[in-house]
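There are 4 protein chains.
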Amino acid sequence: MVRVKVIGATGYGGIGIVELLLQHPEARLATLVAREDVGQPIGQIYPHLAGFCDLPVLAPDDPRSQEPADVVFFATPDGVGMQGAPAALAQGARVIDYSGDFRFTTPEAFAEYARRIGKNPAHTAPQLLGRNAYGLAELHRAAIRQAKIVGNPGCFAVSCILGLAPAMKAGLVEPFSVICDCKTGVSGAGKKVSPTFHYPARYEQMNAYKLAGHQHVCEVERELSLQAGREVRVTFTAQVVPVCRGILSTLYGTLVRPTTEAEVLALYRDFFRESPFVRVLDSQAAVGTLHVRGTNFCNLVVSVDSRTNRLRIVSHIDNLMKGQAGSALQNMNLMCGFPETLGLLRPGIYP
Amino acid sequence: MVRVKVIGATGYGGIGIVELLLQHPEARLATLVAREDVGQPIGQIYPHLAGFCDLPVLAPDDPRSQEPADVVFFATPDGVGMQGAPAALAQGARVIDYSGDFRFTTPEAFAEYARRIGKNPAHTAPQLLGRNAYGLAELHRAAIRQAKIVGNPGCFAVSCILGLAPAMKAGLVEPFSVICDCKTGVSGAGKKVSPTFHYPARYEQMNAYKLAGHQHVCEVERELSLQAGREVRVTFTAQVVPVCRGILSTLYGTLVRPTTEAEVLALYRDFFRESPFVRVLDSQAAVGTLHVRGTNFCNLVVSVDSRTNRLRIVSHIDNLMKGQAGSALQNMNLMCGFPETLGLLRPGIYP
Amino acid sequence: MVRVKVIGATGYGGIGIVELLLQHPEARLATLVAREDVGQPIGQIYPHLAGFCDLPVLAPDDPRSQEPADVVFFATPDGVGMQGAPAALAQGARVIDYSGDFRFTTPEAFAEYARRIGKNPAHTAPQLLGRNAYGLAELHRAAIRQAKIVGNPGCFAVSCILGLAPAMKAGLVEPFSVICDCKTGVSGAGKKVSPTFHYPARYEQMNAYKLAGHQHVCEVERELSLQAGREVRVTFTAQVVPVCRGILSTLYGTLVRPTTEAEVLALYRDFFRESPFVRVLDSQAAVGTLHVRGTNFCNLVVSVDSRTNRLRIVSHIDNLMKGQAGSALQNMNLMCGFPETLGLLRPGIYP
Amino acid sequence: MVRVKVIGATGYGGIGIVELLLQHPEARLATLVAREDVGQPIGQIYPHLAGFCDLPVLAPDDPRSQEPADVVFFATPDGVGMQGAPAALAQGARVIDYSGDFRFTTPEAFAEYARRIGKNPAHTAPQLLGRNAYGLAELHRAAIRQAKIVGNPGCFAVSCILGLAPAMKAGLVEPFSVICDCKTGVSGAGKKVSPTFHYPARYEQMNAYKLAGHQHVCEVERELSLQAGREVRVTFTAQVVPVCRGILSTLYGTLVRPTTEAEVLALYRDFFRESPFVRVLDSQAAVGTLHVRGTNFCNLVVSVDSRTNRLRIVSHIDNLMKGQAGSALQNMNLMCGFPETLGLLRPGIYP
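Protein chains in written order, with the numbering used here: chain B, 101 to 451; chain E, 101 to 451; chain D, 101 to 451; chain H, 101 to 451.
Each hint should be verified, as a subset may be incorrect.
Note that identical chains are pooled: a pair holds if it fits in a single copy or bridges any two copies.
Unchecked claim - Straight-line distance between alpha carbons at most 27 Å, and here's what the computed DSS-like set of lysine-lysine pairs gives: (1) K310 / K292; (2) K291 / K310; (3) K291 / K219; (4) K219 / K310.
No wet-lab data here; the hints were simulated from the structure. Quantities reported herein were computed from a predicted structural model and do not represent experimental measurements.
Use the sequences and the hints to build the structure in full.
This is the structure in structure tokens:
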């Protein structure tokens, strides 16, 4: 039984891991920390938790929020995890951070990412970089098992990297030809209100945003380049549609040689044969994001447009699960030596 | 470990109990029966179940669909359960029927209900009436424990009866003054397509229907009359709004004497003190149907309009859970001697 | 051709009247005033207006915002219209105010309303009270034609008053038996962001609010009492559902004598025979709020529950049209001597 | 004043043109024809039209449905227009067909299209091919003015062709590099019910479909090739998201030489300088499909990803307006010598 602390417990990412941990047989929620709603029981802030968890939310400067834990989740924006991780590690905790703080293993790579989002490029805990692992279990399972600190991947990044890694590793696609056309549900932006996510302004609305560049591109290019063994550059488009949960990423790449859908299917199924949360489907499969909602699965639909010699992968995840809290718990399981799927194997509800 | 058969497995009510049983520690899904999609694995019809349940759907006349089970759910329309229940009982099974077939304990009461929905008023298994229990655990827990056959209540009826039973039992409300203003999500109509539930015709749409009379009124009046010890008549309005899951029933009754919200709260909390799935909340509680989605809870918000001397209860359920499959599993737990909450205590996901 | 000024032009109520005036053959938009987005062309703030209206938004203290107009709309919260109306009237303008400021004709009635919403009960322009008209054309057409200042009714109030006025006037319903169960779309709360109307918190959500009392009750009781010729008290419930536009109000009252649906239909049709925006329909009509979206119509569905001796009216409006900007334009037409329907007769779009 | 007949009046495409014609100053609706709901007034089938149009729906074999008209809209599926057009033309009518029947000018081109959608490749009125025009006014204004018969373009095709035509004409993009990633609202599939568009199966759902090839590709490639003066091939992905109205097409092409956003903007604005329904916007514009809903506008957002040397155009239309009935009316205006924008210049409503 591991004691768990969640920093940033009242955001969507925090509440997501709280929900999962309440049903995890080897974890015990011990401490919830957040800046808002301090002092209230979490089951009052989020009435669906009433009776399941009545821990109070502690302020970051409350002494009780410093009590040791075996696992600490930083479900916090960029910059918070790098401040708090050293102390947590010193107390013997394993750390899983949701932000970009620990997705890069060198100060230089972090700086490039930070500049892209207009943040301070100087990492405040550079001594930890290199000891961290990138928390996409399907690609870095062994490293995560060893790591004391894991940078949970970005939600868009999960959908794109899983969808393209096998093709890049096999050298199937030209490395500068990749396009990631990504559509996300609104919960991806978190619980902070904004005119853009006000219900009347968002229902019946589809739009692209950050056309000048999205911060997740760094991760996608780094990971795909690692798989390809050479530089990969992607054109990335972020779009929002009026669903709450779900990412649908449609991924394109020019084939280096004529390839059939059957060949691609075989390649992908082999690549993910040890990965219980990835389903590889053919182009006739009638699936959508509703079929992975509330689950940690990534459904990949493979197709080849032979007229234009192009590979197309449609990648489906729940942005708050495989795109966030689900991956975080999967990482915790690996770091703690639990079965990878513990507390995560559930089918979701339909409709 | 009980072996379970689900008849009507491919409707929303069927899939709902399948999802729950897959996570129930004492149940094993053995047989799925339906008229559509025969021969396909359920995990192919409903892709979110792929890997969790790959039982094939059997036709009703397939010999394998007749194999004995410990528990049989009839997740079927009116008229199917009464045909199949005698054989199931003869095989030693406990039977839970979703339709109106076993919600009434006399042929006369059934006939009145059947006439209201334009069905044949002659019950085909009248010998079973009187041996059945009405499957609302909060009111009939003891009877359900003893029963071999349970009629699962209607979704609207659950929300109304739970919301008004304490007041009626206490004689707090005039018996002819009750109004049930009910709003349901679209899933309540099942998976059968219709112009009314076509997405473009339903989004941004609110409407009342069946203004001439809804079949659930029979149950509501019968149960409230039982609590009151005298005849109760209700005005009932069914309305649909563009959500998928959820019923919000706003229930009104004229107080027989001035009463405070605090008194009503105390009365309700006492009434439900043994009922783990009912939460009684005061008029300041910020809750809605999203807070019970995917769960078996009924959240009741109590208020008194002293200017007009009226009690008002706002009742929130997930129509597919407490309104259907959740209550069905709760009944199975009672009938089989399992803890009432087994496999049902989960907080849902938010948002 | 009348010159029009809109104060509060950038809220949903402001933009609604701007859209209508752009298509009105006798009106010319002259001045737009608001506190936010000052200096920007309205067609930049609201891109759907680009090319249709490129007037800049002026600050309230900008001298150009004081230029005279023939008609001034105060699409502003409580308290703003009463401050600005005297100057506008002094300049010869006709004034239409959206808030509660001019819905009452005595300082005492206003004070009661103001207390209910926690505002200062002292009206700052009491000399205007008594000269104002309540802007529900169907009941006060003659007075509106004469008035220089009109208080546009509340959106819930429009739906309730139109739905019950004929019955109250005919003495058909017991005056203390009335219940108004009202469901509104989210746009009724305006464009101001809040956690309650954040998309992820609102989709799939139904809830009641302000159970302790909604400010629109004052108007409803006053108007129904006027029709009845005696005091009427209502129980009023405000609820929000995830649509953008639309109010569905289900209205109940106990009949003083047995009455048929046909009698009620005849009574209602007679009452509204001169009212082009009210449609009276029988209980079999398949209509909903989507059928009045974007229009100034109020669709009333009449039914009688003879088992409980109760009248039930289902009232449908677009809260931003008949519930706000549409009524405001209808009032302008009457005040300016234009045909009542000018610029307002359009069917909307479907779906 | 032209007399207008609408064949297929009760589908979404039919009702769309009915709504527009009711507000068109030079058109008079004379005849409505459909296979369903025969004999009912259109204002009863679609209650929002009650009082605006009460023409009855005539069966195709009703003699009154054969009465001459000045303009005939075939708002019908593939195969109907080619059967009826010769007779309509013989009566002197101008014909606008919504289907693929008259989008191609040779029997061979039609056959290729027909094969792609699994229809009979033999056109039944081949003598008309070559006399028809492709009804995208922005590219074929002069031809449409002269034509007696116009094939209204596909909804996806409108969004893609307008978005890419200027770049292709300027030779800015490699002709085999084009990718069209298209997301449509549900109304694009029409009013016919299907399990895919059942509300509970569609809310919270995003999915790709027809991955093996969508019929609109033919039009897109033909038109872009015409602009480019050489063969263009596109990878096309159709996707559905839970909005009712709207298409968001994200269009990608590899630049043949480094080009700035400013250059592209200038090129596009010049290309569309005579086209009142196309707005060209830079990459900072905060627009989405909600801003063109209910209107005939196409909003194009231009951006250049210089890191990957790629042009990206985000194209926004209302699929039932610019994608269907709006373009049809625009074509009628051109064919009849009316101003192109007559009856079409309206801003829509927001939100």
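Quiz item: Taking each numbered hint in turn, which are not upheld by the structure, reported in ascending numerical order?
Solution: As far as the earlier hints go, not one is violated by this structure.
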